[in-house]
Structure formats: C-alpha cells, structure tokens
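In case you want the letters, here they are:
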Amino acid sequence: MIELRDVSKTFRLSRQQKREMGARFQSDTVDAVTSLSLTCKPGRIFTLLGPNGAGKTTTLRMIATMLRPSAGTILVNQHDTVRDPEAVRASLGFLTGSTQLYDRLTPRELVRYVADLHGVPRDLYTRRRDEIFAALDMGAYADRRIGKLSTGMKQKVSIARTLVHDPDVLVLDEATAGLDVIASRSIVNLVRQARERGKTVLFSTHRMGEVGQLADDLALIHRGRLLFNGTYDEFVNDMKAPSLEDEFIRWIEGAA
Amino acid sequence: MKTVLTVFRKELIDTLRDRRTLVFMVVIPLLLFPILFRVMFSVEKSQADKERAKKLRVACVDNGNAARLVALLEERDDLTLMPALPADSLRALIRADSLDGAFVVAADFDDEVADLKPGRVDFYYKSADDRSIVRGRLEKIVDDYERELLDARFHRLEMDASIVDAVDMRTHNVASMEERVGKTVGGLLPYMFIIFCFMGAMYPAIDLGAGEKERGTMETLLTAPVNRFHILLGKFGVVVVSGLVSAIVSMAGLYIGIKQAPDIPPEFMDMIVHIFGWGTILMVFSLLLPLTIFFAGILLSVSLTARSFKEAQSMISPMNIAVILPAAIGLVPGVTMDYRTALIPILNVSLATKEILAGTIKTPHLVEVYASLIVLAVLSLYGSAWWFRRESTIFRS
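If you're matching them up, the sequences are chains A and B in order. The C-terminal residue of the first sequence carries number 256 in my numbering, and the numbering is unbroken. The C-terminal residue of the second sequence carries number 1397 in my numbering, and the numbering is unbroken.
Next up, chain A with everything else stripped away, as it sits in the complex (with noise of 0.2 Å):
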C-alpha cells in the first residue's frame, strides 16, 4: 500500500539554475508537486499519467525515499518515508526507463549485488535468481558484460534486478519508454503478474495503451496537481473525447 497525503515538493534553485529559467523567471523556488493525496492499493495497478514535468518522476522519486517531500506525508505498507526510509526501501522495487546498469557487470554479479543490499539470504538469493533468470529466459547471456547487451537483454536484467528481493510494492516510472514492443511487453507481463500476486503497483507512463490495458486506478496530474484520481472505469466512464489520449489533452488544456 502506498499513501500520499497533501504531499507537496519544493525545489530550491541554484543561481545557474535561476539564469537557465530566463530573465522572466523571478522566483528562488520551483514548486514540483503540490498538495497530493492518493492512494495504491495492494493487488491494483496505479497509473499515473500526465505530461512531461507534470511532476510524475519527483512524485516516485519521493514514495522511493530519493527525495524528501517538503510538506506531507507518505507511507509505503505503513512506514513513514522521512522517519523510516530503510523499510520502506526493502519493501520496494524501483524501475525507471531513465535508470542504467553497470556496464561492466555481468547480469549475474549486479542482482547478486542488489540482493545483497537488500540483505536476501544466499540461498533464497539463489532461488530467487533461478526463478527469475528462468522465467525471463536470461540464462544464455547470464554471464555476459551488461555493456555488451541488447536494450531488450538490458530491461531483462532490469526487471530482475527489481525482483529479486521480492518487493511487496512496485514503483515503476516510464519503464517502458524508449522500448521496442517486445521489451515493453516484458514490463507489462511484469506489472500483471505483480498484480495477481497481491503486489501494490504505481506505474506512470506516457503509452495510453498501456493505460488501457494495465489500468486499474489513474490519477491525472499536470504541473505538481492533481487532476483526476479515480478508478480507471469511472475515468473512462465520464470521457467527453472519443478515445483516452483526446481525453488526456482534453484534461491538459482544460487545466492551463
């Protein structure tokens, strides 16, 4: 489970930071997110959906601990994000589309390495390891420099590298983006499977057809705010543009 409650995120900018925003641009703060409240629950997908700088990866960012909210507060399966941030990373899987390997390991060494921070005993790493090398058909190149992978072979070892400690709730932030069909479905199998297996998942993305197929709750954000926060059907039930991505800049240019 995974609660936002009035969370609010406020970047300070650097003096660089202030000259790139232009001449125009007066204020020392930027706000990224402001007053969100939402919540995912344990066996449904949680979209979330909204344009670039809508807000979508600082939100992530936050219920992973990477950031702290600047007033708010969430809870990941009841731990506190600020008082807790330790739990709350052991109970979580984080993918992005934005998050690299490490070249110059092998598959095998980096989810050795991540089951390790997250303290997973050699056996059940072992297990666990099998299982999924297995199941995401890994083992011919196992052994091979992550460098010298296929973008597909590399999201592989992703998805494994976010498994292995088998995470109760799954973050996961345009995992799908920059991937070829076939990569993508790896992402989507991922996210259904999750599901049926009582896991919590927020998954934000640009693909409304992944909304479609994958949405069991949406919430809609544009600069920081929440737009929409429903479920997927009363989302789809109250459309007043014929299909989800007219709906979607429907909602977007409503709200500038």
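I should point out that these hints are in silico values taken from the structure, not numbers from a laboratory. There could be a bad hint or two in this list.
Distance windows between CB atoms, simulated [stated by the list, open to error]: (1) B:Phe1285 <-> A:Gly147: 32 to 38 Å; (2) A:Ala71 <-> B:Thr1363: 34 to 40 Å; (3) A:Gly53 <-> B:Met1001: 57 to 63 Å; (4) B:Ile1281 <-> A:Arg127: 47 to 53 Å; (5) A:Glu245 <-> B:Ser1314: 40 to 46 Å; (6) B:Leu1005 <-> A:Arg144: 58 to 64 Å; (7) A:Ser37 <-> B:Ala1371: 32 to 38 Å; (8) A:Ala255 <-> B:Leu1325: 56 to 62 Å; (9) A:Thr126 <-> B:Tyr1370: 44 to 50 Å; (10) A:Gly53 <-> B:Ser1314: 53 to 59 Å; (11) A:Ala140 <-> B:Ile1281: 36 to 42 Å; (12) A:Asn189 <-> B:Leu1325: 57 to 63 Å.
Which stretches of chain B does chain A cover? Using the computed rule of at least three CB atoms under 8 Å from a CB of chain A, they are [said to hold, decoys possible]: (13) 1068-1076; (14) 1215-1225.
With a Cα cut of at most 20 Å, we get these calculated EDC-like pairs of lysine to aspartate or glutamate [what the hints assert, rightly or not]: (15) B:Lys1050 <-> B:Asp1097; (16) A:Lys148 <-> B:Asp1018; (17) A:Lys18 <-> B:Glu1391.
What you are looking at is a predicted structure, and each value in this text was computed from that prediction instead of being measured. Quick reminder that beta carbons are idealized off the backbone N, C-alpha and C, glycines included.
Given chain A, put chain B in place with the hints provided.
Only chain B this time, still in chain A's reference frame:
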C-alpha cells in the same frame, strides 16, 4: 559493515574492469620511471659517447707564443688543429658549428710566463651545458699544459709544489650517508608518491561519483535499504585503495627504474636498499594513509557535485596544482620541518618523509603531522558524507 563491504567489493570489481582507471592506477606509475630512466640514460649515454669519440675541430691563434700548447694540440689524434684563422672570425665559426673550440693566446703570453705571471689564453666554445664533454676535453689539454708550466716554475725556483697550499683544509661531513641520501633523494620521493597517490585516486573518484550520476546507475544504490553513509564508505574505500596502490606501485616503478639504470654505483644501491627497510616503509605508509583519505574525501565531494564525468574532470584538474605546489615546496632546499610546516597538508608529508628517510624525524613533529592529517581525513570523510546526503548534489542537473 556488511553493506560497506558489499559496496566496496562491487565498486572494486567495477573499477578494476575499467581500463582507463587501471592505466592511471597501475600501468603509468609502474612503467613511467623504468621507461623514463631507460630513455634518459640511454640518450645521455649515446650523446656522451658521441661527444667523447668525436674528432674535434680546434683552432689556435698563438700570436707566436705558447709553442708547447700548440705542440700538445698537434700531437693529439682526437682533434684536428685547423690552419691559422683570424681571431675575429672564431666566434662566428663556433656558432655555425664549423669549429668545436678555439684558443687565442695573448701576444705577451711567453713574456708573462717568463716573468712568473699568468699568461692569458682565451678559450671559445659553444655549450648550454656546464658539464659539456667537448669543453672538458679541450680544457684538460690546457690544464696539462699549465701543469707542465707550473712544474717548470717550481723546478726553476727550487721550490716544493706544496708551498702554494697555505691551508691544508680537510673536510669531514659528519652526516651519515643515510642522512645525505635521505635529504636529497628523500625530497624527490614524496613528491612522486603524493602526485601518483592523487592521480591514482582521481579517476576512480570521478567514475564512482560523477560517472555513476551521468550513467544513471545511482538510483540502484539510492533505492536499496541501506544507509547512505555506508554506501559512501564503500566508494570511499575503493578511492583510498586506488590512491594507495598507485603510490605504492609508483615507488616500485621508481625502484625498478633505479635498479635497471646503468652506472648506478653499487654502494648507492646498497644505501637505497638499507634506507627502504620495512620500518621506514611502514612509517611512510602510515603518513600516506590519512593523506589518501583526505584526497579521497575532497575528490569524491567534487565528483559528486559535478553533473558529468567531463565536468568533474574539469573541476578536479586545477586541483593537481594545489597538490603539486606544496609537494614541490618540500623539494626546496632550506624548507624544513618545524611546528608550522608540520601543519600544512601535503607539505608536511613531503618533509616528514624526507626526515624519516634521513633518520632525523623528531617525535613531536611526527605527532603533529599525524594529528593534522587525521583531522583533515576525518573532516573530508564527513564532508563528502554530508555532500552525498544532499538532494541538490545527487540530483543536480
């Protein structure tokens, strides 16, 4: 501790698989001195051999004087005495390499010598090097000639040659060979290992900080249920080990370079082996350790601040000067260890190493050096830890 070791092991494997880091950490420090010494010695030797074997072209404007000097020049097989040349053309001919040297004997030379006065001989040559072999060869001919003249004078005056020595001063340097070698070679040694220590730590620090940020692998670490300080300690360990390995390997390279160099007197080699006993090595190593931690802290902090590998490189490169300068000051004669210099980082290691090698280190100074280095090492470690916890540092873009 388990987390620190996990991160350390992974970062070490990652570092050892990076060719660029390995080149800076091991290959350059190990091969630089042997190659440098070999090239230097062989070039110097071949140049010296050439100058020794060269048949010199010499002119002598005798003005009808110093017949014996002219005879000495004529009877030598290793030079060609050029036919009479006008005195005012000699400079130009030597500059144009048409002549290797020229003597101009004063017109009153024989009269002056007969009056037991010094006869003037001007010697022209071209060399930017004070130890020129050509110059030495030609001067020796005049020296031999002078000795003949002096012998003749003493004989004529029925005097003993020793009469010209009014004071028989015999110098006795009570400094041990260890002290002399320690204070000369010992000055160069810390200069080398300090620089290599910094260089060896530099690339892993850039790679493990800015490199990891740029590659986008940092999130793997930041989302693991471990303390960030422990992650930093693991990275820190690798940077420290790299710096130490680089410094030690550079010393090994220096030793190999000296050992394989030709014409090194065996007693000098024995002295080097004697100076580098285990006790000395351990003492120098104990200075190097906190210094490397200090370097690692500074380098990691800067590296974590940078947005990219390239930016980190451009931020760290000027720091080389800040390291070289105090290390070079340690080489300046007259700069010695005292209560003030013992507090200046890098310079204190340079001076302390010199004193340790010479066997003249004073305990209070050594304690001060350790205290200063340990304080700096701890400050730099906690400084980089504080830096690593800052969101604006980690997610600077």
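Problem - Hint check for threonine 1363 (chain B) and alanine 71 (chain A) - Cβ pair distance inside 34 to 40 Å - result: Roughly 57 Å apart at Cβ, these two residues miss the hinted range, so it is violated.
Problem - Distance restraint evaluation - alanine 255 (chain A), leucine 1325 (chain B), Cβ atoms, bounds 56 to 62 Å - result: 58 Å, holds
Handout entry: Consistency of beta-carbon spacing, tyrosine 1370 (chain B) to threonine 126 (chain A), with hint 44 to 50 Å
Key = Holds, since threonine 126 (chain A) and tyrosine 1370 (chain B) (Cβ atoms, about 46 Å apart) stay within the stated range.
Problem - Pairwise beta carbon distance, alanine 140 (chain A) to isoleucine 1281 (chain B), judged against the given window 36 to 42 Å - result: 49 Å, violated
Exercise for the section: For the range 32 to 38 Å, tell me whether the beta carbons of phenylalanine 1285 (chain B) and glycine 147 (chain A) fit it or not. Expected result: 36 Å, holds
Exercise for the section: State, for the Cβ atoms of serine 37 (chain A) and alanine 1371 (chain B), whether the hinted interval 32 to 38 Å holds or is violated. Expected result: 54 Å, violated
Handout entry: Given coverage of the stretch 1068-1076 of chain B by chain A, tested with a Cβ cutoff of 8 Å and a minimum of 3 residues
Key = The restraint on the stretch 1068-1076 of chain B is violated, since only 0 of its residues have a Cβ under 8 Å from chain A and three are required.
Problem - chain A covers the stretch 1215-1225 of chain B, three or more CB atoms within 8 Å, holds or violated - result: holds (count 10)
Exercise for the section: Sort out whether glutamate 1391 (chain B) lies within 20 Å of lysine 18 (chain A), counting only the CA atoms. Expected result: 17 Å, holds
Exercise for the section: Take the C-beta atom of glycine 53 (chain A) and the C-beta atom of serine 1314 (chain B), compute their distance, and say whether it sits inside 53 to 59 Å. Expected result: 29 Å, violated
Practice task
With a cut-off of 20 Å on the C-alpha distance, tell me whether lysine 148 (chain A) and aspartate 1018 (chain B) pass.
Solution key: 14 Å, holds
Handout entry: Cβ distance range 40 to 46 Å for glutamate 245 (chain A) and serine 1314 (chain B), holds or violated
Key = At 44 Å between Cβs, range holds.
The structure does not agree with the numbered hints 2, 3, 6, 7, 10, 11, 13 stated previously, though it agrees with the rest.
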